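K.L.:
Each chain, letter by letter, is given below.
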Amino acid sequence: MDIVVSQIMTGLSIASILMLVSLGLAVIYGVTGVINLAHGEFVMLGAYAAWALQTELGLSLLPSLVAIFLILAAVGWLVEVLVIRHLYARPLDTILATWGIGVMAQQAIRLTAGGELRYVQMPESLSASVTVFGATESAYRLFILAVALALFAVTWGIYRYTSFGLKLRAITQNRSVASSFGINASRIYRLTFAYGAGIAGLAGALVSPLKSVSPEMGTTYVVDAFMVVVLGGAQSLMGTLASSGILGELSGYLAFYSNDTIAKALVLLAIVVIIRFRPQGLFTARVRA
Amino acid sequence: MNKNRRNFLKGTAALGTATLVGFPHIWNKNYSLARAADGKVKVGVLFSLTGTTAIIEESLNKATILAIEEINAAGGINGMQIEAVVEDPASDPATFAEKARKLVMSDKCVSVFGAYTSASRKAVLPVFEKQENLFWYPTLYEGRECSKNVVYTGAVPNQQQDDFIPWLVEKFGKRWYLIGSNYIYPKEENNYCKKLLAELGAEVVAEEYVPLGHSEFSSVINKLKAEKPNVIFSTVVGDSVVALHRQYHAAGLDPATMPMASLTTSENEVAAMGGEAAAGHFTSAPYFMVWDSPENHKFVDAYKKRWGADKVTHFVSEPSYFQVHLFKQAAEKLAGSDITPLGIREALKGQEMIAPQGKVRIEPENQHTWLWPKIGQCQPDGQFKILKQSDNWLEPDPYKAYPHQKCTAEGLKQI
Numbered sequence: 033m034d035i036v037v038s039q040i041m042t043g044l045s046i047a048s049i050l051m052l053v054s055l056g057l058a059v060i061y062g063v064t065g066v067i068n069l070a071h072g073e074f075v076m077l078g079a080y081a082a083w084a085l086q087t088e089l090g091l092s093l094l095p096s097l098v099a100i101f102l103i104l105a106a107v108g109w110l111v112e113v114l115v116i117r118h119l120y121a122r123p124l125d126t127i128l129a130t131w132g133i134g135v136m137a138q139q140a141i142r143l144t145a146g147g148e149l150r151y152v153q154m155p156e157s158l159s160a161s162v163t164v165f166g167a168t169e170s171a172y173r174l175f176i177l178a179v180a181l182a183l184f185a186v187t188w189g190i191y192r193y194t195s196f197g198l199k200l201r202a203i204t205q206n207r208s209v210a211s212s213f214g215i216n217a218s219r220i221y222r223l224t225f226a227y228g229a230g231i232a233g234l235a236g237a238l239v240s241p242l243k244s245v246s247p248e249m250g251t252t253y254v255v256d257a258f259m260v261v262v263l264g265g266a267q268s269l270m271g272t273l274a275s276s277g278i279l280g281e282l283s284g285y286l287a288f289y290s291n292d293t294i295a296k297a298l299v300l301l302a303i304v305v306i307i308r309f310r311p312q313g314l315f316t317a318r319v320r321a
Numbered sequence: 037m038n039k040n041r042r043n044f045l046k047g048t049a050a051l052g053t054a055t056l057v058g059f060p061h062i063w064n065k066n067y068s069l070a071r072a073a074d075g076k077v078k079v080g081v082l083f084s085l086t087g088t089t090a091i092i093e094e095s096l097n098k099a100t101i102l103a104i105e106e107i108n109a110a111g112g113i114n115g116m117q118i119e120a121v122v123e124d125p126a127s128d129p130a131t132f133a134e135k136a137r138k139l140v141m142s143d144k145c146v147s148v149f150g151a152y153t154s155a156s157r158k159a160v161l162p163v164f165e166k167q168e169n170l171f172w173y174p175t176l177y178e179g180r181e182c183s184k185n186v187v188y189t190g191a192v193p194n195q196q197q198d199d200f201i202p203w204l205v206e207k208f209g210k211r212w213y214l215i216g217s218n219y220i221y222p223k224e225e226n227n228y229c230k231k232l233l234a235e236l237g238a239e240v241v242a243e244e245y246v247p248l249g250h251s252e253f254s255s256v257i258n259k260l261k262a263e264k265p266n267v268i269f270s271t272v273v274g275d276s277v278v279a280l281h282r283q284y285h286a287a288g289l290d291p292a293t294m295p296m297a298s299l300t301t302s303e304n305e306v307a308a309m310g311g312e313a314a315a316g317h318f319t320s321a322p323y324f325m326v327w328d329s330p331e332n333h334k335f336v337d338a339y340k341k342r343w344g345a346d347k348v349t350h351f352v353s354e355p356s357y358f359q360v361h362l363f364k365q366a367a368e369k370l371a372g373s374d375i376t377p378l379g380i381r382e383a384l385k386g387q388e389m390i391a392p393q394g395k396v397r398i399e400p401e402n403q404h405t406w407l408w409p410k411i412g413q414c415q416p417d418g419q420f421k422i423l424k425q426s427d428n429w430l431e432p433d434p435y436k437a438y439p440h441q442k443c444t445a446e447g448l449k450q451i
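From first to last, the protein sequence lines are chains R and G. Take the first sequence: its position 251, counted from the start at 1, is 283 in the working numbering, and no numbers get skipped. Take the second sequence: its position 191, counted from the start at 1, is 227 in the working numbering, and no numbers get skipped.
Think of the hints as simulated: they come from the structure by calculation, not from any bench. Since the structure is predicted, the reported quantities are computational estimates derived from the model, not experimental observations. No residue lacks a Cβ here, since even glycine has one placed at the ideal position from N, Cα and C. You may find that some hints are simply not true.
What the hints assert, rightly or not - Stretch-level coverage of chain R by chain G, calculated; a stretch enters the list once three of its residues show a Cβ under 8 angstroms from a Cβ in chain G: (1) 34 to 41; (2) 143 to 154; (3) 158 to 167; (4) 186 to 198; (5) 238 to 251.
Stated by the list, open to error - Some chain G residues near chain R, calculated using beta-carbon distances under 7 angstroms: (6) Ile91; (7) Ser251; (8) Ser254; (9) Ala308; (10) Gly447; (11) Gln450.
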């Protein structure tokens, strides 16, 4: 019995990490249509920000989270201003440009922080394990689950209940019509990009005590994030939530009953099959073409 | 012209000596003319200084350079200075092969020290075999290789496992869980481990491989909780080691009853995962930084003095260091004009020296090294505590998992 609970919790934990890393991408892709290949590097920069704040200023992870969000939001804002906004009309070029930014970010970190694996300490208060329905779980993993859900709720709230979110949805449906109603689309895009980058940074900081911190860590996360977004449907936040849940439980289950190598292959296969029959993803927002 | 004739004469002289000791490939038309000349002995240093494995290989480069500087400061090889040609193969096997060709053919180095990954060693191998040059490989590896043009100074599976596995079985029990990264090294180590476990009557409850770079171990941890093995034998490498240890620790598993036994977790990985996640787990290796011997104190002090007080030495940088001294010992036995790759190889056979880990010896049959395996347990401060050293130095047998094959001086033999 406790193994069943353990396994469900494991799936949820994988799902929460998937959602953390893909939420930022979903927001950026869903709103601006930019395929941001530097997303993984935003995650990586978040992890390095956590490491730097910890080693340079002695800040532990939890108090640094706000600062990390702001730092990465600033990075995203700059990237948008300097590069992305010139390329909205050329979606193919944004792929190349963001990929290039990713490579530069990796090398910049390698040159400044060095290439060795870095250590971010887990918050003392969350390093124990707790018992949930008879199964032992890492308190930190439960914390990540809670933060992921909270971030999703906040993002959802912004979408649904703020005037910023209203404008966002208007632009997503039709940018030129929205602009003709006086909505400053460039400003909304910039803020969206900054917000997405900030969330990616938080994701990186939050996973760093469970995983390792290296300049290349972003490359695996960007693949996971695209998997989630493509399966969930690009413009649907609910899709992101549902597809991270599905992928998390599925890969946890498959890895438990076979192994992680096979799980990875089967999950990718399942995604290929699904998007063959449902190219728009599992969930789609109503968009007037 | 004159110079060419001199080289030619030296070449014939070397051929003469070589014939006496009976080289098998003496009439190979690619026989290289690399030799010591002009009072200098040229060697290549081929470790990545950029790219993914640069961090670890940089430390190997530093250990090699340190040894070369020590030898030169002490008067060189019979008065000849060692000249190091340093190349950066950028963590890329194809670049490794290209730089190796340059070092051997255009720089005419008499030996090359280098490589960390098996992929890069395999990439340079044809160059050294075709040019009859000599490559010195310091990394522990999966064995099952028998090249006459490589000197292997790192451990092979039997040297890391022969003491380790029985010790763990006796101390912790007979239910073993094998987990590794999905490539050749862990599979070969596990092959040998399974053989030893079968002899000891122990049981392998699972053998599992995760993709390279894998960082989500929660399902693995659930399996560990369900299986409750006595020992987890881990050949997971790189950043996955860090993720596995941290998630094991976060899940509240206890190393006192279910320890991880690793062949690849060194002081480097421990620094990245933090002492709290590493404490209590075991590693088997011929060298740990804390090893208490006068030679090791000398090595660690010299290394820190040369490269910085915060630098660490580990079980791959130590062989990188002592193999240069072995090279010097072999070359010293030769007259200047006889310092050729094959001359060194013949002089090297059976050479012994006191390395930081203890007295090591090059096995004449397979050009691997007799080493002193040790069992270390990681402490919360991130250093290892050495619990046991093997009673005797251990003979290298790169084909120990394959009883019908043996690496001999004549090449690989089927028995």
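K.L.:
All the hints need checking, so say for each whether the structure fits it.
P.N.:
Okay, the hints, checked on the actual structure:
1. 34 to 41: With 3 residues closer than 8 angstroms to chain G, the region 34 to 41 of chain R meets the three-residue bar; holds.
2. 143 to 154: The restraint on the region 143 to 154 of chain R holds, since 8 of its residues have a Cβ under 8 angstroms from chain G and three suffice.
3. 158 to 167: n = 3 at 8 angstroms, threshold three: holds.
4. 186 to 198: violated (count 0)
5. 238 to 251: holds (count 8)
6. Ile91: At about 5 angstroms, which falls below the 7 angstroms cut-off, the nearest Cβ of chain R leaves the hint on Ile91(G) intact, so it holds.
7. Ser251: 4 angstroms, holds
8. Ser254: 4 angstroms, holds
9. Ala308: Status holds, d = 3 angstroms.
10. Gly447: The hint is violated - Gly447(G) has no Cβ within 7 angstroms of chain R, the shortest such distance being about 35 angstroms.
11. Gln450: Violated - the Cβ of Gln450(G) stays beyond 7 angstroms from chain R, reaching only about 33 angstroms at its closest.
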